[in-house]
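Chemist: Residue numbers (UniProt numbering): 1 to 148.
Hints may be right or wrong, so weigh each one.
Stated by the list, open to error - List time: in silico DMTMM-like cross-link candidates among lysine to aspartate or glutamate, alpha-carbon distance up to 20 Å: (1) Lys138 with Glu45; (2) Lys119 with Glu44; (3) Lys143 with Asp49; (4) Lys91 with Asp28; (5) Lys138 with Asp47.
Said to hold, decoys possible - Derived Cβ-Cβ restraints for the label pairs, each shown as a range: (6) Glu78 with Glu4: 42 to 52 Å; (7) Asp33 with Ala5: 53 to 63 Å; (8) Pro13 with Glu45: 31 to 41 Å; (9) Val8 with Ser84: 27 to 37 Å; (10) Val83 with Asp56: 54 to 64 Å; (11) Asp56 with Lys121: 26 to 36 Å; (12) Met87 with Asp130: 10 to 20 Å; (13) Val145 with Phe30: 36 to 46 Å; (14) Ala11 with Tyr131: 57 to 67 Å; (15) Arg40 with Ser19: 27 to 37 Å; (16) Gly135 with Glu70: 22 to 32 Å.
I should point out that these hints are in silico values taken from the structure, not numbers from a laboratory.
No experiment lies behind these values; they were computed from the predicted model shown.
Cβ coordinates follow ideal geometry from the N, Cα and C atoms, glycine included.
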Amino acid sequence: VLEEAAWVAPANPVKLLDSKPIEKSGVDLFKADAVVAAGRGFAEEADLDLARALADKLGGGLACSRPLTEGVNWLPTELYVGVSGLMLSPKMYVAAGISGQMQHMVGCNRSGAMFAINKDKNAPVFKQCDYGLIGDVKDVLPKLVAAL
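All chains should be modelled from the sequences, with the hints used to inform the complete structure.
Modeler: Structure follows, in structure tokens:
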């Protein structure tokens, strides 16, 4: 049975209280040749400077996994790579401190070369990367930046 009903406005309509433009970093991640993505392997927010340094050295941009945007709020949501975030395809993708869960990897699986840095030798990311380094990002990243 199909019945027609008259439109009734909701009792509590949605009202825009404020709006502001999204601030973007200086690098367009969709056009970047290199992306360094930070994950839960970063124990402190200040350690993200290590990932930024590598991204700068590679001439690329910084991205992250969902927990760094929605869990600890260290980075803005527009840097989140994954199912509900960015789908990137840079020439080089560095997954630093990222375990490699499917929800993240679908956002970067079209990258040219995939590098992974994780202290857990059994992290799923190592099954999906081209090159892997087993170690803590706090130890590995400064050495990698110095070597470049």
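Chemist: Measuring from beta carbon to beta carbon, are Arg40 and Ser19 in 27 to 37 Å?
Modeler: Roughly 32 Å apart at Cβ, these two residues keep to the hinted range, so it holds.
Chemist: I want to verify a distance hint. Is the separation of the beta carbons of Pro13 and Glu45 within 31 to 41 Å?
Modeler: 39 Å, holds
Chemist: Given the hint that Lys91 pairs with Asp28, test it: the Cα-Cα distance must not exceed 20 Å.
Modeler: Measuring from Cα to Cα gives roughly 14 Å; hence the hint holds.
Chemist: For the pair supplied as a hint, Lys138 and Glu45, confirm whether the alpha-carbon distance does not exceed 20 Å.
Modeler: Holds - the C-alpha atoms of Glu45 and Lys138 are around 12 Å apart, at most 20 Å.
Chemist: Would the hint linking Lys119 and Glu44 be met if the CA-CA limit is 20 Å?
Modeler: 16 Å, holds
Chemist: Are Val83 and Asp56 spaced within 54 to 64 Å by their CB atoms?
Modeler: This hint is violated: roughly 28 Å between Cβ atoms.
Chemist: In this structure, is the beta-carbon distance linking Gly135 and Glu70 contained in 22 to 32 Å?
Modeler: 26 Å, holds
Chemist: Straight-line Cα separation of Lys143 and Asp49 no greater than 20 Å?
Modeler: 14 Å, holds
Chemist: Regarding Asp56 and Lys121, is the given constraint of 26 to 36 Å on their beta-carbon distance met?
Modeler: Given range 26 to 36 Å: holds, Cβ gap about 28 Å.
Chemist: Is 42 to 52 Å a correct range for the gap between the Cβ atoms of Glu78 and Glu4?
Modeler: 43 Å, holds
Chemist: With respect to the beta-carbon atoms only, verify the hint that Ala11 and Tyr131 lie 57 to 67 Å apart.
Modeler: 58 Å, holds
Chemist: Quickly compare the C-alpha distance for Lys138 and Asp47 to 20 Å and report which way the hint goes.
Modeler: 7 Å, holds
In terms of the numbered hints stated before, the structure departs from hints 10 and 13, listed from lowest to highest.
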